[in-house]
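Q: Sequence:
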Amino acid sequence: MILDNENENLKVHEWIAKYTETGKLDIVTGYFTIGAIAYVSKEINSKITEFRLILGDIVNFDPEDSRPLDLLNENITIEAALKLNSLSQEAVNFLKQDKVSAKTLEPNFCHAKNYLFSPEKKDDRNNYFISGSSKRLY
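Count along the sequence shown from 1, add 605, and you get the number used in the numbering used here.
Derived by calculation from the structure, the hints in this document are not laboratory data. Where hints are given, some of them may not hold.
What the hints assert, rightly or not - No farther apart than 30 Å at their CA atoms in a straight line, the calculated lysine-lysine pairs in the DSS-like style are these:
id, residue 1, residue 2
1, K652, K701
2, K623, K647
3, K727, K647
Full structure from sequences and hints, please.
A: And the structure:
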């Protein structure tokens, strides 16, 4: 199966949210956004018993209403700032959990994009592995 974030089919983040069951999730990716971390937390956190993350960088490619602020050099609406604060807090709370281990490869470069799910119930039909590049997980 090919997941393509550019067509009308399920996007990578939608597919992960829909098909992830109880189990463990390993993610290796060069770029992950605060919005993506918050999305993973909201959509599948309750199903996952262990997260292992290797992140090349946490970047600000999010839409304006969910990306980090550069308060000295840009204008942003109050609504966008409040939403960003909420997403940032969700991401921080997610990363503080005992079941989450996260490493960054900074200042080195990581170009990998892999998602490996291992279900709690040992049924190979429920395993999945996603590899490849997409414009944005979320």
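Q: Against each hint, give a clear statement of whether it holds in the structure.
A: Evaluation of the provided hints:
Our distance criterion of 30 Å between C-alpha atoms is met by K652 and K701, whose separation comes to about 17 Å. Distance hint between K623 and K647 is fulfilled; the C-alpha atoms sit about 13 Å from each other, no more than 30 Å. Proposed proximity of K727 and K647 is supported: the alpha carbons are some 25 Å apart, at most 30 Å.
Figure legend: structure checked against the earlier numbered hints; every hint is met.
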